[in-house]
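Visitor: Residue strings, one per chain:
There are 2 protein chains.
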Amino acid sequence: MKFTDKLAYAAKKNKSLVCVGLDPDPVLMPPGISVLEFNMQIISATYDLVCCYKPNFAFYEALGLGGMDALKKTIKFVPKDIPVIGDAKRGDIGNTAKAYAKALFEYYGCDAATVSPYLGFDSLEPFINYKDKGVFILCRTSNAGGADFQGLKIIPMSNTTNTTNNSINKPRVEESLFEYVAEKSAEWNKYGNIGLVVGATYPEELKLIRQSHPEMLLLIPGIGAQGGDLETVLHNGLNSNKEGAIINSSRQIIYASKGKDFAEAARKVAGELRDSINKYRFRI
Amino acid sequence: MKFTDKLAYAAKKNKSLVCVGLDPDPVLMPPGISVLEFNMQIISATYDLVCCYKPNFAFYEALGLGGMDALKKTIKFVPKDIPVIGDAKRGDIGNTAKAYAKALFEYYGCDAATVSPYLGFDSLEPFINYKDKGVFILCRTSNAGGADFQGLKIIPMSNTTNTTNNSINKPRVEESLFEYVAEKSAEWNKYGNIGLVVGATYPEELKLIRQSHPEMLLLIPGIGAQGGDLETVLHNGLNSNKEGAIINSSRQIIYASKGKDFAEAARKVAGELRDSINKYRFRI
Chain A
10 MKFTDKLAYA AKKNKSLVCV GLDPDPVLMP PGISVLEFNM QIISATYDLV CCYKPNFAFY
70 EALGLGGMDA LKKTIKFVPK DIPVIGDAKR GDIGNTAKAY AKALFEYYGC DAATVSPYLG
130 FDSLEPFINY KDKGVFILCR TSNAGGADFQ GLKIIPMSNT TNTTNNSINK PRVEESLFEY
190 VAEKSAEWNK YGNIGLVVGA TYPEELKLIR QSHPEMLLLI PGIGAQGGDL ETVLHNGLNS
250 NKEGAIINSS RQIIYASKGK DFAEAARKVA GELRDSINKY RFRI
Chain B
10 MKFTDKLAYA AKKNKSLVCV GLDPDPVLMP PGISVLEFNM QIISATYDLV CCYKPNFAFY
70 EALGLGGMDA LKKTIKFVPK DIPVIGDAKR GDIGNTAKAY AKALFEYYGC DAATVSPYLG
130 FDSLEPFINY KDKGVFILCR TSNAGGADFQ GLKIIPMSNT TNTTNNSINK PRVEESLFEY
190 VAEKSAEWNK YGNIGLVVGA TYPEELKLIR QSHPEMLLLI PGIGAQGGDL ETVLHNGLNS
250 NKEGAIINSS RQIIYASKGK DFAEAARKVA GELRDSINKY RFRI
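Protein chains in written order, with the numbering used here: chain A, 10 to 293; chain B, 10 to 293.
If you're looking for bench data, these hints aren't it; they were derived computationally from the structure.
Note that the coordinates shown come from a computational prediction; the quantities given were computed from them, not determined experimentally.
Where hints are given, some of them may not hold.
Which copy is meant is left open, so a pair is good if it fits within one copy or across any two.
[What the hints assert, rightly or not] Simulated crosslink set (BS3-like; lysine-lysine; CA at most 27 Å straight-line):
| hint | residue 1 | residue 2 |
| --- | --- | --- |
| 1 | K24 | K288 |
| 2 | K111 | K267 |
| 3 | K82 | K111 |
| 4 | K111 | K140 |
| 5 | K111 | K85 |
In isolation and in its complexed conformation, chain A is listed as follows (with noise of 0.2 Å):
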């Protein structure tokens, strides 16, 4: 099945916009627990009001082996009918991207993916090229340091030819490069399989985007502990359907309570966060 089709069924199932990052880590979890364990208690307590799960590759790297058996071990334990999107941020060049995105989709089997553009096209066509998985290309991320690079603005390709001796004295249309990714971005979606990751922790930089590309799938993360706000994320972020943006918690979810409660307590957040969004969507 389709990625963005079985997203939109899960979505519409559970009427929720809401994507649970599975994040474990050692030192916020409740103590004498395993990974596996914690992400299945999450998963069963939270399957039913979720539209996917975001397992971020790093904090399972971070344990080694036995983090990576969890890994692909929690992916198997989601439900069939709700999407994986596999957080790796991975970019290299073509040769090595193609087994990059083997790793994620066929070993690891996750419905998509997140991967960086530095690299460029051919960096992420072996992702593209699985036209049945999403590809979420990194546009602007929720961190500080995300302004370094993708904040400057910059003169597009076909606007650079010939700009030495005639064209200082004419206005130019100057923009971020992470405009210009989403650009691209839109360019190489041949497949329809192609989204964005904008943080909701920059809902100007959101809003661009969104009226730029008024049909792209965004990933949203920063809501919750990184401090994006909710409503104006919403009002900025969503389509004119008012979907087409998965909102991601992690942190907030999933370590809503140290005790044996964690899972209930996670439960209850992630309920919440599903209600407050469909409030706003659906204007109860």
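Please build the complex by placing chain B on the supplied structure of chain A, with the hints as guidance.
Guide: For chain B alone, coordinates are given in the frame of chain A:
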């Protein structure tokens, strides 16, 4: 021991700037041999001809847990005085980058890592903070798509304020994104552990980087299978002491033969590459 010291020591002892890329691909490897055995034989045949090894994580991830196990054991098998660069091109927000740095430096035991700059300083800082480890920031990559974003003309941040009204008629210094990434990397290099990845396939860009950063350590892939011309690369990439660069070759060395003599063949090609480089360096 600091990565830079370990690298300098190995380069001096083996009179070599050659890095062998350990990128196991079952399709290209001799039949019937495991990844670990393949790597062990390559390392045993070449460790006195190189200044470092560079396993690319993608090829191990594509093989699942068994691949990651072989990666860990491969790194452990490398002689203690030869540094290992974990080519993983990671890049994520601070909290998550910390987990990736832990995986690469602590779990897998790499002496250095490659990282992707798109997410900015706070995504690189957790790597840089391992002061004894090396951090190679992707600058101008060897693939064709590298130009898609890295080659964009940008307006440096310091010039972007108040551009709207009065600067259209003024000439501005325009540089490419990859040059700006190099500048920022140099600015962030307070511990002296940062290097840049610059592909051999773009010698003019390599020259620009070397001119602007005479002492920066450069990791240069793209010789051999990717087609970079050795002499031009050395001319443009070495520092004034005819060092300061790591010349990586992967496929041309490790797949020199698909027969039982693969390790011997790898040794021959690695030795020839070392000698060609030294011929240029020392004008033998």
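Visitor: State for each hint whether it applies.
Guide: Verification of the hints:
no.: 1; hint: K24 <-> K288; result: within (11 Å within a copy, 68 Å between copies)
no.: 2; hint: K111 <-> K267; result: between (36 Å within a copy, 24 Å between copies)
no.: 3; hint: K82 <-> K111; result: both (17 Å within a copy, 22 Å between copies)
no.: 4; hint: K111 <-> K140; result: within (13 Å within a copy, 34 Å between copies)
no.: 5; hint: K111 <-> K85; result: both (16 Å within a copy, 26 Å between copies)
When the structure is compared with the earlier hints, no violation turns up for any of them.
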